[in-house]
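Protein chains in written order, with this note's numbering: chain Z, 2 to 643; chain V, -6 to 314.
These aren't lab readings, by the way, just hints derived from the structure by calculation. Be careful, since some hints might not be right.
Footprint (simulated), chain V over chain Z, 3 or more residues, beta carbon under 8 Å [unchecked claim]:
hint : region
1    : 211 to 222
2    : 242 to 254
3    : 395 to 401
We put the CB at the ideal spot given by N, CA and C, even for glycine.
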Amino acid sequence: MRRLRATVRTPTGFAGSAILLLVLFFVVAGPILWGPQAARINPLDILAGPSARHPLGTDELGRDILAEVFTASRLSLELSVLATLIGAAVGVPLGAVVAVLSPRPRRLIGTLINFTVSFPGLLLAIFLAVIVGVGSTGAVLAIGFGSAPGFARLSQTLASSVTEMDYLAAARLLGVSRTRLLFRHVLRNIGEPIILNVTMSVGGALLALSGLSFLGLGVQPPSYDWGRLLSDGLANIATNPLESLGPGAAIVITGIGFNLFGESLAQVLGQRVAPRRPGRKERRRLLAEPGARPAQPLPASPGSPAGRQPILRVEGLSVTFPRQRPASRPVRDVSFELAPGEIVGIAGESGSGKSLTALAIARLLPNGAEASAARLEFLGNDMFTWRGAEASRILGTKLPMVFQDPMTSLNPALHLGIQLTEASQVHQGTPRRQALERAAERLRAVRIDRPDERLCQYPHELSGGQRQRAVIAMGLMGEPRLIIADEPTTALDTTVQRQVLAIFRELSETTHSAMIMISHDVAVLGELCSRVLVMYGGLIMEDAPVGELAGARHPYARMLVEAVPDLGTARDRPLATIQGQPPSPAALPPGCPFAPRCPRALERCRLELPAATEVSPGHRVRCFNPLTFDETLVTLVEPATP
Amino acid sequence: MNGLRQRHPSLEFYARRSLRFVLSLLAMVIVSFAMIRVIPGNPVRAQLGITATEQEIRIRTRELGLNQSLLSQLWTYLGHLFTGHLGTSITLQEPVSNIIATRLPNTLEIASMAFLVTMVLSISAGLLLGAFTNGGRHPRTELSFTATTGLLVTIPEFVLAVLLQYVFGVKLGILPIAEKSGWTSYIMPVASLSIPPAAALSRLVRVETLNALGRDYMRTARSKRLPARLLYLRHVLPNVLTATLTLGGLLLVGLIAGTVLVETVFAWPGIGSTIVQAIEQKDYPLIQALVLLLGSMVLFVNFVVDILLGAIDPRSAIRTT
Ligand code: SF4
Chain Z
2 MRRLRATVRT PTGFAGSAIL LLVLFFVVAG PILWGPQAAR INPLDILAGP SARHPLGTDE
62 LGRDILAEVF TASRLSLELS VLATLIGAAV GVPLGAVVAV LSPRPRRLIG TLINFTVSFP
122 GLLLAIFLAV IVGVGSTGAV LAIGFGSAPG FARLSQTLAS SVTEMDYLAA ARLLGVSRTR
182 LLFRHVLRNI GEPIILNVTM SVGGALLALS GLSFLGLGVQ PPSYDWGRLL SDGLANIATN
242 PLESLGPGAA IVITGIGFNL FGESLAQVLG QRVAPRRPGR KERRRLLAEP GARPAQPLPA
302 SPGSPAGRQP ILRVEGLSVT FPRQRPASRP VRDVSFELAP GEIVGIAGES GSGKSLTALA
362 IARLLPNGAE ASAARLEFLG NDMFTWRGAE ASRILGTKLP MVFQDPMTSL NPALHLGIQL
422 TEASQVHQGT PRRQALERAA ERLRAVRIDR PDERLCQYPH ELSGGQRQRA VIAMGLMGEP
482 RLIIADEPTT ALDTTVQRQV LAIFRELSET THSAMIMISH DVAVLGELCS RVLVMYGGLI
542 MEDAPVGELA GARHPYARML VEAVPDLGTA RDRPLATIQG QPPSPAALPP GCPFAPRCPR
602 ALERCRLELP AATEVSPGHR VRCFNPLTFD ETLVTLVEPA TP
Chain V
-6 MNGLRQRHPS LEFYARRSLR FVLSLLAMVI VSFAMIRVIP GNPVRAQLGI TATEQEIRIR
54 TRELGLNQSL LSQLWTYLGH LFTGHLGTSI TLQEPVSNII ATRLPNTLEI ASMAFLVTMV
114 LSISAGLLLG AFTNGGRHPR TELSFTATTG LLVTIPEFVL AVLLQYVFGV KLGILPIAEK
174 SGWTSYIMPV ASLSIPPAAA LSRLVRVETL NALGRDYMRT ARSKRLPARL LYLRHVLPNV
234 LTATLTLGGL LLVGLIAGTV LVETVFAWPG IGSTIVQAIE QKDYPLIQAL VLLLGSMVLF
294 VNFVVDILLG AIDPRSAIRT T
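Isolated chain V (complex conformation) (with noise of 0.2 Å):
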């Protein structure tokens, strides 16, 4: 290990990413599995109601496979899991696995679309702002930007999506007001997304630019006297994008939480609404499901963001390794 750390640190780095990546989405399966292992009192009882005849709970428990030994459900579970069998949903009556299918693409949709977004105004606008902005000059566009993105901030993405559901679609009639139909359908629930995300962003990227501006290195890079354009993109980028990517991938992953409420201002046909559903009316098999989906793509987003930051900062790379 000590030699390969010497020849290849950035090596160890990626295979202990990867080793941590696969050993927290076993946690996250164990995690799904066990959450309705450990609610109180019988959940067959909870989600039938108190009408429920025995007969139908007897059924309902050994549909579920909650009447064998713990460990043999685990192993049950696993293995539908490696053949992609989630079982069916009480509600809806249908594979677990076809509503994902049919529901995840447009909850990915969107998600990747709001992404994209903030990530493009965020950096551009911060780079620019912070840049202009520079040791105390323009004081008034500091204060006008400070101004708009600490209210954008604030404005939580469901309340902005019911704002912008009134005034575009309501108010104005320009926008269909729910549902997935054309392209149109998609400016809300993606601007309702990206928004609040792009206002926090953007407002760390010219603080870090400000930051990186400061620095000795800067001085060192302005000895050379490059264009503002080498300066900015090449000197201050790179050392302004580690923080943006550790918020951004939080902000990602807020994305993803964000999803459901949106989805469900919209009627959004995506799986964010259907986790409220799958919960309101106690459907086991569609929320262990769900929650297990919801966890991986969380992980996977901070396992990639990781990657990408070692890749980016070296320095964080040898320092978490």
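Excised from the complex, chain Z in its bound form (with noise of 0.2 Å):
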């Protein structure tokens, strides 16, 4: 009721409901004032044109035609939703069923189901018209069967795609919940064009239906509905067109409410109201917010020897959603520097903004999201205004991403061929063969046997690691300078994983490009990474080099590294467990992100924000109330067994 009663606020939800309200006053009318008008013969007043009288003129009968339009209605609507209901009882649930079922039987209804499909209501109702004879039962039946298999073809390819999306990528890049973004995203997919389809079959089946009148095919005389009187008028278009142009615009009028209606409907049940304001969707802004002003000139990475450039400045780096109600900071003041060949980690719980981070400094962010910075530099570039073909070139060529999904992050139509030459081809001029021949060299680095014929394979022909080794092969076609793997191994099973992981510390060995490596596990960053910084709340919480991560400074880093038994100091020590949930995006408190959830926290903290200050010569730290670097968080650790 509620969502009946937004569709009918929007303008073209408004626009439908009224006509369709309009059709239901004479059906349910038009019989009644204007039947009589209808049925009276004139022979005096035959086939006369347009009057004040008859401003549709009359028939060969003397009729009003406009009279009969309006009697016609209700025939014409009664028949058409008898037949749409009768495909849609039949068509849905045997398509939706067919989804659900083993694959025999399943093949078997299908094929039974694309043998009907081809079936035209015309052709079914010719059929149907030889065997009882012309009339509107058999129309009303044609039609009604016809669109059936439509209908169970449509839900059956429904129900069954919507298990391929993949919505998680994106759940986790927003910070949304999975189970809230599934739900309505399923239902927004199946749902809308089902519904979608039902309503306009109505506007359909009266198309469909008034066809066969016309034809000759539908109701016959003495009856009549739109179809009949459009065909009759046909006749004398030269001398009165109104007649048969008046049954014709009901038909297209009643056909516009109902997709109107169903439109809107469809938009407002899958939320899909258009946003208010398109933006940009980088643009340059210097941060006014306080506490979101970026660090003091940054200190000197650690990893990056003194005089040589940075392969990637970042300073103050700050992604919104401002389109978003309430709109949304999910990534604040983010700064570091990236020396060539380094590898920095990027840790932190999912919503943390660390994805988004590695988003905007590709410049790759998705529609809706804005990026700002005081600075954003790749190899000395700014990116905010760089473009043109060298821009193309160098970033297509020497950024290449690895991004979490390799089941949904490589084209699923086109043969892995083309998209590990592409780049090559378009940026760098290589020969297709040439380009072919690289690649297959390169799927042979990252240890993919039988490259020559994987080349010629789809994606969905290869294994979840081959995948996401063919993507890491994809970013080598160039000269990576700086690589940025988004939870490249999250998706994958252990054994993969250590696999994938080895082809990373072999890649920085061998191409000496700098990896920007983002996960939730602090583990695998440490094996990996040199420095790693800790994102909470869309802050860099503290960046240390790995050496001093066991001994973090920032309780949340600290709680993160503990859980890990590895890298923890007290290897005695249970293992710590992190309480409480991370703050949404959306609502982040005014003081530390941490705090209600830090077992430090100041009265000071829920007020400010803690300004990045370095702890010791590259090691970042953003706290009131930092640990030293051998206390130990007691109050945090529980007993793992009492």
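Build the complex: two chains, separate frames, hints provided.
Quick look at the structure:
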């Protein structure tokens, strides 16, 4: 009911429901108010043109055509609704059931549906007209059964395609709860087309039935619907065009009403009401918010030898979703530098802003997200203003990305060969054959067997681990200077994880490319990286050389580290667990975002945002009450066994 | 079979689809055969009317072969089909095969033209609009596109045909009102056949484009900084084609039905207008042949679409074999 009201409130929904209400009025009142007039035969006024008394003229018996059009509303709509109901009642459940059946019966019924879907209503109508004779019964049955396989096929494909879709990445990206997003998106994806289809189908059935009546295969005289009136009028199109255009208009207007209504209903159900203000994806902006101001001149990163230009320079990077309600800022004041060949890890829970940080750096933020920074430079180029072929060439060959889910990050419709070689072909003008040779070589480098054969395969023919390796190989086609890997091993099982990590380690040695490795798993980062940034609530809480990670100073960072047995200072102690939930990016507290969960929180922590301060060379912490190196977080440690 | 599946999954797919096509054709033949045998009462009397004498009925029954056993009737029917012997039209007094030979090309002409126009128009418009309105940009363009196509989708081809006939034929007098003559006489039938499906399909293409643009693999493609042309034509288009072809096939099938209506409006000498007359006059041999013909065309279109889908989207091939 609430949804219906919301539907009526959209402009299209309002227009649609207004038309449908009008149609409903004529369906109910038409035959009562205009029926008698439509039946009045007047031999003195045959085939008259439009006049004040007869706005659409009269037919060959002198009956008023406008009154006939009004009267015909009831029969036309009754038959259409009936036909649609027959179709939907048979088709939708059939298709939905088929989707969950075991393969054999599914294939059988699927074949049957495919066979019958190929029968247009008109052919069925002809068939039935031959058997039961021409008339409205045959026509309604034909249109109804004719539309059933369509409904079945639709609900079948929708139900089975939902399982293939991948919204988890997006869910994590936006920090929205998985169940909520899944529920909403799945519902939207299957509900919308079905509702759209059923509502529009009433309109469609009306058109089909009118068509049948128009051909003389539907409603038979002395009854009449709009289709019959239209075909009767066609004979006089040269003398009185309104006689055929009148009923034609009635058919079209009613159809539009159904369309508009169905569409806005679907929109409301899918909550896809258009955003108010479209905006640029990325926009440079000075940060006005206190506490979000970029840190003072950055201390040189420990890994970057003085004098060498950093590969990447990030200062005061923020990501906002200005159109979200409430507007959120999932990344705040992120600053760090990356020296050539350095591997930096970003650790944090989902929703900490680590993935968005990576996407913002690569200029690949999703629609609706905006990045701003005091400075964001890759190889000395300002990422906000750097455009053109040169920028594309360098970014396309030197800044590859590896995403979390290899199942969805390769294009399912293209051979691996195309996907691996296209960047080289476009940006470096490498001839196809040569590019393919290099691709095979790169696949071999990431230990994919039979590389030449793989190039002619589609992504679905590879396993998850192979696909992720293929994505990595894709990044190696150019000369990578910075590889950004966003949870590259999370979707893989443990043994494959190890192999893929080994490949990353090997790569950093052979290519000397810098890397940003994002993971929720500190252990993975500790093995691979020279420096780890720990993010929480969109902020870098600690930026520590990996050697100092075991004695992390920030309470949150320490808790993460102590949750890993190998990295913790005291291996004999039971593991720490972190209680509570991370904050939502849309509702960040004014003070330290970790304050609600922090055992060391002070009064001040809830009011002010701590600034990043250097505690030792190349080691920054954002905390008012940091731990000392050898202090332990006793309060947090829960005995594993009582 | 298992070995074959492992080595050539696509080959098995094509084999299965071909088998299915042949089987459905056979079913179609049987349906067309059974059609006039299941008519309640005596079809011959129904056709000749109540004034017909016993003698006339007996002669006509023998002409139609209805006096023999069902099995031998089916046998004769199959044999006749293979030799192209489709019987003689009762009303036109002409072999059915002749009627089809002269009228089918006229139908195929406007249907294939309309299909081409539909595909070209809708794919280019849908992709363009999808790229243009991605991420809620240009809401006004989006609104006018959905409004226009929404209107066009709703106008059924025969109402559009009547409207065009009135405007261009009667009022402006620049196009021939009806019947087949020079190339100008094709314009209105093709337009009325292609405009509604093109509107429907371009909407779908736009939505599918938006859908594809939001997928992970597009993020990967964007990370390669490909030019927009490659991004859309190579990465989006194939993923859009699956849905487009599925609906396109349905629309093409609808087009076969649509020709019946449009041919009637424009008095186009195709098989569509013929079948309507045949039904009115209960010309069973003609109806039977035309139902078989239209049905087979429908099956053939579906077969071709399936094969194309398998080639474009290999996952669908594996999934449904
Ligand atoms: S600033 Fe305060 S609340 Fe935040 S981590 Fe440090 S001690 Fe805890």
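So, going through the hints one by one against the coordinates:
1. With 6 residues bearing a CB less than 8 Å from a CB of chain V, the region 211 to 222 of chain Z meets the requirement of three and the coverage assertion stands.
2. For the region 242 to 254 of chain Z, the stated coverage by chain V is satisfied: 6 residues place a CB nearer than 8 Å to a CB of that chain, which reaches the threshold of 3.
3. For the region 395 to 401 of chain Z, the proposed coverage by chain V is satisfied: 4 residues have a C-beta within less than 8 Å of a C-beta in that chain, meeting the threshold of three.
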